[in-house]
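There are 2 protein chains.
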Amino acid sequence: MFYSPRDLRFHLYEVIQAEKLTQLPRFADHDRTSFDMVLEAAGQISETLLRPLLTVMDREEPQLVDGKIRVHPQMAAIIRRFGDDGWINAPFDYKEGGQQLPTTIMNAATFIFGAANYSASVFPFLTTGAANLLRSFGSKELVDRFTPMMYAGRWQGTMALTEPDAGSSLSDISTSAEPTDVPGEYRIRGQKIYISAGDHDACENVVHLMLARIKGGPAGAKGISLFAVPQKRPELGTLVDNDVQTAGVYHKMGYKGAPIAHLMIGSAEGAVGYLVGEPHQGLRYMFQMMNEARVGVGMNAVSIGTAAYCASLDYARERPQGRPIAEKTAGSPQVPIIHHADVRRMLLFQKSVLEGSLGLLLQCSYYADLAHAGEGETAQNAALLLDLLTPIAKSYPSEMGCLTTSAAVQILGGAGYTTDFPVEQFYREARIHPIHEGTTGIHGIDLLGRKVTQHGGKGVQLLIAEMQKTIADATTYRATNMPELTYLADRLREAISRLTNVTTYLLGLASNPTLFLADATLYLEFFGIVTLAWQWLRQATVAQAALATAQGDDAAFYHGKLMAARYFYEYELVKTLALAHRLQSTDHVTLEMHSDWF
Amino acid sequence: MFYSPRDLRFHLYEVIQAEKLTQLPRFADHDRTSFDMVLEAAGQISETLLRPLLTVMDREEPQLVDGKIRVHPQMAAIIRRFGDDGWINAPFDYKEGGQQLPTTIMNAATFIFGAANYSASVFPFLTTGAANLLRSFGSKELVDRFTPMMYAGRWQGTMALTEPDAGSSLSDISTSAEPTDVPGEYRIRGQKIYISAGDHDACENVVHLMLARIKGGPAGAKGISLFAVPQKRPELGTLVDNDVQTAGVYHKMGYKGAPIAHLMIGSAEGAVGYLVGEPHQGLRYMFQMMNEARVGVGMNAVSIGTAAYCASLDYARERPQGRPIAEKTAGSPQVPIIHHADVRRMLLFQKSVLEGSLGLLLQCSYYADLAHAGEGETAQNAALLLDLLTPIAKSYPSEMGCLTTSAAVQILGGAGYTTDFPVEQFYREARIHPIHEGTTGIHGIDLLGRKVTQHGGKGVQLLIAEMQKTIADATTYRATNMPELTYLADRLREAISRLTNVTTYLLGLASNPTLFLADATLYLEFFGIVTLAWQWLRQATVAQAALATAQGDDAAFYHGKLMAARYFYEYELVKTLALAHRLQSTDHVTLEMHSDWF
Chain U
1 MFYSPRDLRF HLYEVIQAEK LTQLPRFADH DRTSFDMVLE AAGQISETLL
51 RPLLTVMDRE EPQLVDGKIR VHPQMAAIIR RFGDDGWINA PFDYKEGGQQ
101 LPTTIMNAAT FIFGAANYSA SVFPFLTTGA ANLLRSFGSK ELVDRFTPMM
151 YAGRWQGTMA LTEPDAGSSL SDISTSAEPT DVPGEYRIRG QKIYISAGDH
201 DACENVVHLM LARIKGGPAG AKGISLFAVP QKRPELGTLV DNDVQTAGVY
251 HKMGYKGAPI AHLMIGSAEG AVGYLVGEPH QGLRYMFQMM NEARVGVGMN
301 AVSIGTAAYC ASLDYARERP QGRPIAEKTA GSPQVPIIHH ADVRRMLLFQ
351 KSVLEGSLGL LLQCSYYADL AHAGEGETAQ NAALLLDLLT PIAKSYPSEM
401 GCLTTSAAVQ ILGGAGYTTD FPVEQFYREA RIHPIHEGTT GIHGIDLLGR
451 KVTQHGGKGV QLLIAEMQKT IADATTYRAT NMPELTYLAD RLREAISRLT
501 NVTTYLLGLA SNPTLFLADA TLYLEFFGIV TLAWQWLRQA TVAQAALATA
551 QGDDAAFYHG KLMAARYFYE YELVKTLALA HRLQSTDHVT LEMHSDWF
Chain F
1 MFYSPRDLRF HLYEVIQAEK LTQLPRFADH DRTSFDMVLE AAGQISETLL
51 RPLLTVMDRE EPQLVDGKIR VHPQMAAIIR RFGDDGWINA PFDYKEGGQQ
101 LPTTIMNAAT FIFGAANYSA SVFPFLTTGA ANLLRSFGSK ELVDRFTPMM
151 YAGRWQGTMA LTEPDAGSSL SDISTSAEPT DVPGEYRIRG QKIYISAGDH
201 DACENVVHLM LARIKGGPAG AKGISLFAVP QKRPELGTLV DNDVQTAGVY
251 HKMGYKGAPI AHLMIGSAEG AVGYLVGEPH QGLRYMFQMM NEARVGVGMN
301 AVSIGTAAYC ASLDYARERP QGRPIAEKTA GSPQVPIIHH ADVRRMLLFQ
351 KSVLEGSLGL LLQCSYYADL AHAGEGETAQ NAALLLDLLT PIAKSYPSEM
401 GCLTTSAAVQ ILGGAGYTTD FPVEQFYREA RIHPIHEGTT GIHGIDLLGR
451 KVTQHGGKGV QLLIAEMQKT IADATTYRAT NMPELTYLAD RLREAISRLT
501 NVTTYLLGLA SNPTLFLADA TLYLEFFGIV TLAWQWLRQA TVAQAALATA
551 QGDDAAFYHG KLMAARYFYE YELVKTLALA HRLQSTDHVT LEMHSDWF
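Residue numbers (our numbering), protein chains in the order written: chain U, 1 to 598; chain F, 1 to 598.
It is worth saying that the hints were derived from the structure and are not from the lab. Treat the hints loosely; a few may be bogus.
The list makes no distinction among identical chains, and a pair is therefore deemed to hold if it is satisfied within one copy or across any two copies.
Stated by the list, open to error - Cross-link-like lysine to aspartate or glutamate pairs, in silico, EDC-like; alpha carbons within 20 Å at most: (1) K215 with E185; (2) K256 with E60; (3) K222 with E327; (4) K232 with E327; (5) K328 with D446; (6) K95 with D7; (7) K20 with D473; (8) K328 with D420; (9) K140 with E377; (10) K232 with D144; (11) K575 with E592; (12) K215 with D446; (13) K232 with E185; (14) K232 with D553; (15) K222 with E592; (16) K256 with D165; (17) K256 with D420; (18) K256 with D201; (19) K256 with D58.
Since the model is a prediction, treat every value here as computed from it, not as a measurement.
Pulled out of the complex, with its shape left as it was, chain U reads as follows:
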């Protein structure tokens, strides 16, 4: 298996208690049974359609042939299946043909798809993201023109942001938009690079949600607008070429099955772009949707990590090699390597990072549901918490996913380095996540420079209050006299205090932004570890309480949870000692280093 259905149920129903969402009017038609049906369907498609293509999509990567990117021939049927089964617009309103599925359940499903075959899962959910942007900010006419074919899986949606000179620095976008005689229609000219699913032969058309600059508009970030730029224009019932050319397909280290395109837009007569919403609001629109996309990236990282963890766990249980250290009998049989402490350490490392991250990501999804479908202070607070946690939810799993997949490779040893096993593929795939949807460096600056301070620091106050609720729960309500939980709760209390001290210290430097933000990436790592420790105390508290009556496999599962929590505190939380030390140091070596001293 490539994920644990038991663990997913634990997060959804025992920790987060996702059924509570059905008390909100938007989700009133759902219940635990309908949630389970969704997850079961996701598991079924994943096993039967996605997983069998995992290896072949890596080996036979997309190629540009006669100006068109050719992807694996089965992708067309898969994308249509996602459309037919209603996955692409599942979270949207009934009146749009959606199912008003909570993001929490939707993201749990994407976790399953991504663990089965990350490349294949990219196509339909890019369309979901693009459609969401269109339906949130576009006119009814635009929505009607494009979204039905997108929901059906016949047209691909993309986010077209990056340009050769505008990657992390989006305000430097130079693709231009010139008004035509038709209101709302513009001629778009420029080029875009690294556009995921930007062109391929598994769909009939591609709709780019593209950032461009209306001529004569303000410079910088304030002059960027959002357009729908189709590869082919729907006109009078037919599709007309719209002057969006595919200049190339990038070959990548991993997730090779999903093509990344280099696009030339409007190099002949100019491509027609349809303005989405108001002019010059493009970056604002994009960033309103970005939180969800970023939680999605974190989820993808956990998916790939989980697939690698499962593969290494299977191997560790089956591969005999060596003997227990204390074994003295010559000629005794070799034991499965899971019996070696160092292998168990590498397995616990993966388990604690991945299950902790999954908990955090589903928690963030739950906040997204409360923020969108809830009301009043609950919704506002959830929005603030989601906003604060987004850079962590994106970056912590992405950075750590590189290390957990590396541990999976190490458990397999020489076998793990060969293409005979899938872990080397997961290792290559995991490496994209610290890069796309904002690099880790960008998220560090977002967290420390924006999220921590905005709204008078209310997000951090709310988060710490949540953590303290978890501590109270662990030490009193559910689990009286549980010394293990009390021990973990005390460590979390210390970590929160360490985080508060470091934050206060850094905010004292805020008048010098260069100094203030120099180590923002380390601050992000620090904050991420404390956040995961909070998640693990929640999981441990639930597990400890459940152990009172659990039997058999269930008892084993809860014991595993408690051990993983202990592992995280012993081996990971302890790293905040070193991080706090560095973050409060007055040696500004990265700022004092000269470029020509390297």
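Start from chain U and add chain F according to the hints.
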């Protein structure tokens, strides 16, 4: 450029003072000029022959065709060139046709070759290793039969250890050897896997230095013997097939240009193997050579890391993106990303880890020279220091090379993930080193379970004495009143004391080997960081002294050294706080976890 000749000269001539080796009789014919000629020749071959094939050897990987592995067609000429120029036997005696080149200089040359093209550099130096085993323990007859063609680059040498059921657990080798009527000749039967350069069409023959078990010998490690098993037997001036079949070539994540073979030995009439040395001494012989091979692996890791560092440094200097954080002027030009603190942090991370590791590896090579060519206590102490430091010199650069190449990818961002730039290749190549020549887990157990305690702990005492000499040097002799050096020296003193405390604590657990060695991998990491800090204080002391008179580029170079030393202490040495905390914890979670709780 793919390495820094200036930095290499700094290590060799300013820190280690490799010219002192020429005072030893074995190296008396050498001088600084001859050393420089060797390094210049290595640079020249690397640039003109090896580097141009870096990408193509990755893209067109070896294939098994009609039972023979086909490698890149230029490899034949390259291996012959290494033979013709005397590289393969350069460190060996004059009387064997060698040049008695110090290992220190030889390893500096392999550093250059590996940075140019790791895959290509593997072939000739595997032959060196195999020949060294043969000449050290084999009869004159065997040496004469095999080594001339190996030195000429016409026959490939290999180390054939691993079997399907014997990877980390070498004592489980089952390949069998049956005596024939000819003294010293045996019939060998079995299979070997993951044999580097185990078969290919760039040489005329392959000589495997193979471990096998003589029938009727003792069980376990004590019954393993060493054989020379050629692919083709030289008989009466011709080469006769020796029943060594290539069953497959493994496809790997990286260093794809070097083939790794699956061999079936003696499946028909049995392969003839020539016993090397005495029966049942195979593992002992192999491990006597292993120290050098392991230092070589560490060096390869630094080579690949250095190539990635250079590529990311070039990119950071040239790629404009974003503006300084304090820049407020809209429309100001973008700056090269090397001006961003987080990019400088990632560059300093690479520089400090790689140049610190290179220093350590050359230091170990120098100990190897003293141990082999020196006399009396100096030679004995050097051997002890080399023995102690080998697991660190192998594992620290290997583990960290995965992270430094990752930082290089991150600096290039999306570009780094594509095959348009070489950093993704380096990232894939780096991942082998924590696996081959003993996994990191094996080296942790070797360090804590054997090297720290053997000879009454004399190795550790000698090492700490060396570190204290460095501290004394930094604080008094060369650099009076250098507050920066004093600061670093104080930190190193603390770290040594932390290391001593942790070691003492762990040795207190030695009566329970399972407990004692459970976190040996973390101990290895801890010890490695302290060792690198020692190396950096040495480098900083030399740099600080040289700055008194240095000008221009030289001054910039020494400033860079001091900054990298500060970086290492600020961001890396500080990690020992967390490691020491964990290593002294009484929570034995990896031992208490049950296999069925995962």
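Quick rundown of the hints versus the structure:
1. K215 with E185: within (13 Å within a copy, 85 Å between copies)
2. K256 with E60: Both, since 8 Å and 17 Å are each at most 20 Å.
3. K222 with E327: Answer is between: at 17 Å across copies they meet the 20 Å cutoff, but 69 Å inside does not.
4. K232 with E327: neither (70 Å within a copy, 41 Å between copies)
5. K328 with D446: The answer is between: 18 Å across copies meets 20 Å, while 56 Å in one copy does not.
6. K95 with D7: neither (34 Å within a copy, 67 Å between copies)
7. K20 with D473: Only inside one copy: K20 and D473 sit 19 Å apart there, 67 Å across copies, limit 20 Å.
8. K328 with D420: neither (34 Å within a copy, 53 Å between copies)
9. K140 with E377: neither (31 Å within a copy, 88 Å between copies)
10. K232 with D144: Within. Shortest intra-copy distance 16 Å satisfies the 20 Å Cα cut-off; inter-copy 74 Å does not.
11. K575 with E592: neither (26 Å within a copy, 22 Å between copies)
12. K215 with D446: neither (29 Å within a copy, 67 Å between copies)
13. K232 with E185: Intra 15 Å, inter 75 Å, cutoff 20 Å: intra-copy only.
14. K232 with D553: So K232 and D553 fail the 20 Å test inside a copy (54 Å) and across (57 Å) alike.
15. K222 with E592: Classified as neither: same-chain Cα gap 33 Å, cross-chain 57 Å, threshold 20 Å.
16. K256 with D165: Neither. Shortest intra-copy (24 Å) and inter-copy (33 Å) distances fail the 20 Å Cα cut-off.
17. K256 with D420: both (17 Å within a copy, 14 Å between copies)
18. K256 with D201: within (15 Å within a copy, 31 Å between copies)
19. K256 with D58: For K256 and D58, both the intra-copy (5 Å) and inter-copy (16 Å) Cα distances are at most 20 Å.
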